[in-house]
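Construct all of the structure, not just a fragment, from the sequences and the given hints.
So the sequence lines, in the order shown, correspond to chains A and B.
Just so we're aligned: the first sequence equals residues 18 to 307 in the working numbering.
Just so we're aligned: the second sequence equals residues 18 to 307 in the working numbering.
I should point out that these hints are in silico values taken from the structure, not numbers from a laboratory.
A hint or two may mislead.
What the hints assert, rightly or not - Using 25 Å as the maximum straight-line C-alpha spacing, the simulated DSS-like pairs for lysine-lysine come out as follows: (1) B:Lys281 to A:Lys115; (2) B:Lys218 to A:Lys154; (3) A:Lys216 to B:Lys281.
Here the structure is a predicted model, which means the values were calculated and not measured.
Number of protein chains: 2
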Amino acid sequence: MKVAVVGLGLIGGSVALDLKARGFASEVVGVDASAENVRIALELDIIRDIRPLVEAVAGADLVVLAIPVGAMIRVLPEILDAIPATATVTDMGSTKVKVCAAIADHPKRAQFVPSHPMAGTENSGPSAAKSNLFDRKIAVICDHGSVAPSHRARVEAMYVALGMRLVFMTPAEHDVHTAFVSHLSHVSSFVLANTVLEKEKDVTAIFDLAGGGFESTVRLAKSSPEMWGPILEQNRDNIADALGTYIRQLQEFHSALVAGDDGKMRTIMEDAGRIRRVLSGLGTRVERRS
Amino acid sequence: MKVAVVGLGLIGGSVALDLKARGFASEVVGVDASAENVRIALELDIIRDIRPLVEAVAGADLVVLAIPVGAMIRVLPEILDAIPATATVTDMGSTKVKVCAAIADHPKRAQFVPSHPMAGTENSGPSAAKSNLFDRKIAVICDHGSVAPSHRARVEAMYVALGMRLVFMTPAEHDVHTAFVSHLSHVSSFVLANTVLEKEKDVTAIFDLAGGGFESTVRLAKSSPEMWGPILEQNRDNIADALGTYIRQLQEFHSALVAGDDGKMRTIMEDAGRIRRVLSGLGTRVERRS
Chain A
18 MKVAVVGLGL
28 IGGSVALDLK
38 ARGFASEVVG
48 VDASAENVRI
58 ALELDIIRDI
68 RPLVEAVAGA
78 DLVVLAIPVG
88 AMIRVLPEIL
98 DAIPATATVT
108 DMGSTKVKVC
118 AAIADHPKRA
128 QFVPSHPMAG
138 TENSGPSAAK
148 SNLFDRKIAV
158 ICDHGSVAPS
168 HRARVEAMYV
178 ALGMRLVFMT
188 PAEHDVHTAF
198 VSHLSHVSSF
208 VLANTVLEKE
218 KDVTAIFDLA
228 GGGFESTVRL
238 AKSSPEMWGP
248 ILEQNRDNIA
258 DALGTYIRQL
268 QEFHSALVAG
278 DDGKMRTIME
288 DAGRIRRVLS
298 GLGTRVERRS
Chain B
18 MKVAVVGLGL
28 IGGSVALDLK
38 ARGFASEVVG
48 VDASAENVRI
58 ALELDIIRDI
68 RPLVEAVAGA
78 DLVVLAIPVG
88 AMIRVLPEIL
98 DAIPATATVT
108 DMGSTKVKVC
118 AAIADHPKRA
128 QFVPSHPMAG
138 TENSGPSAAK
148 SNLFDRKIAV
158 ICDHGSVAPS
168 HRARVEAMYV
178 ALGMRLVFMT
188 PAEHDVHTAF
198 VSHLSHVSSF
208 VLANTVLEKE
218 KDVTAIFDLA
228 GGGFESTVRL
238 AKSSPEMWGP
248 ILEQNRDNIA
258 DALGTYIRQL
268 QEFHSALVAG
278 DDGKMRTIME
288 DAGRIRRVLS
298 GLGTRVERRS
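Following this line, the structure appears as structure tokens:
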């Protein structure tokens, strides 16, 4: 199968590596608007064949979009215009409602399979791409009746080739759940980093004390603003809801702390411990749902 | 040197393993109020010699306290009463002002070296203990003129044997910095876990989407309430200050999000990216300050 990967960053670069190495793709063509990304992707042998967007997608059986969700909305209609009637397009963005709305009335709507592989790191760009990034992770397919079965099957086969397990949600369900489970974590991390940086003008104290748990909670603050700006814009209402809930619960904790209500703080910490069961399950989860 | 380790959890157990393996301790005697902890520590060969508290510390050259900071304040005076005039005591707790105040007027004050190794995991108990836990991490020594040089030198030698680098702060400085850099991270993680657990009544969605960054930000929510309750109590004012600052910054972000002020969100994310320099330095830091 001929695959065109649009966007050669962490996700697109990793997809290109694995689809080729695992034999799913007979050819991989790469597209990136950044000359620097192209240079690095070629140098790291992530991709060998670079082409302009329209040429790349016009010759592909499967087009994978791994670009920021703001660019996604602008570029997707153009890509659908350019692809043959037999080709399939999928995106790998973190928001789903807006991208689906952007091409709801496009004559080739049935060829577009919205999806979201739940994998990544806090790093970005082609130099962050790596093999096996997706193994044993979850891919969300947001088919809600608008996708032709053959195209959906092709995207599912790609994710299975990447080693992923499939789950299914509507675009609206996806955007609500990711607001709480993924997007809120990023906001909390960005703001936590700022809170500590503002307090600790001399970063020496951060260096010295970061072994006390700080590092893991602010890891996501390294995430790219170019990627996260459009996610926040497109999932604004759900993230505002999640963040509002988080702030209210922090205020409750703050009140208990100031009032010396140590029993309440204990209850909150014990409740939070239920997450242990969820996290321990992540490493051992075996069932495949569909 | 004969070392008594009081508290055989993650920290105490790991100390016992390394001090013996590295030849710093000729003998290690263990103390733990929990029969279950004692059983596990013996079974895992973390310790071979278990004794009652007073007997253990009366026969030791160096006493290491690795118990929750609430118990620390109650037990430390009793331990100072029981040790010989040549013995040294150090604690490994996450708060310093209250423990120093608790023995400020004790006749053996000069034998107590307050310290805090910045190492650990979100797991607890002797089964979480492991070798090399402290290697290349930072140990904070909170000597502020009340410690005799020979006792301070003994504790510094112990941390060097554990592979740690030393930094020095007053107890008050320590408690302010740890509130922002360590304790706040734990509160944010506890509350974030609760926020998501409350929203996602069916934890399936958390399982499915946790690959999107959630796992690292809530890792600390697995931390023991038994350990963290007393830390929150003893460092209440500093943590309330840190948490209040964090909440205000989250409210600013929330306002920008709701108002559609994407430029402001972008600025906040870019500011947060400065943490990249701090975190990347953590792996490569070589200087030793004193």
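Which numbered hints fail: none
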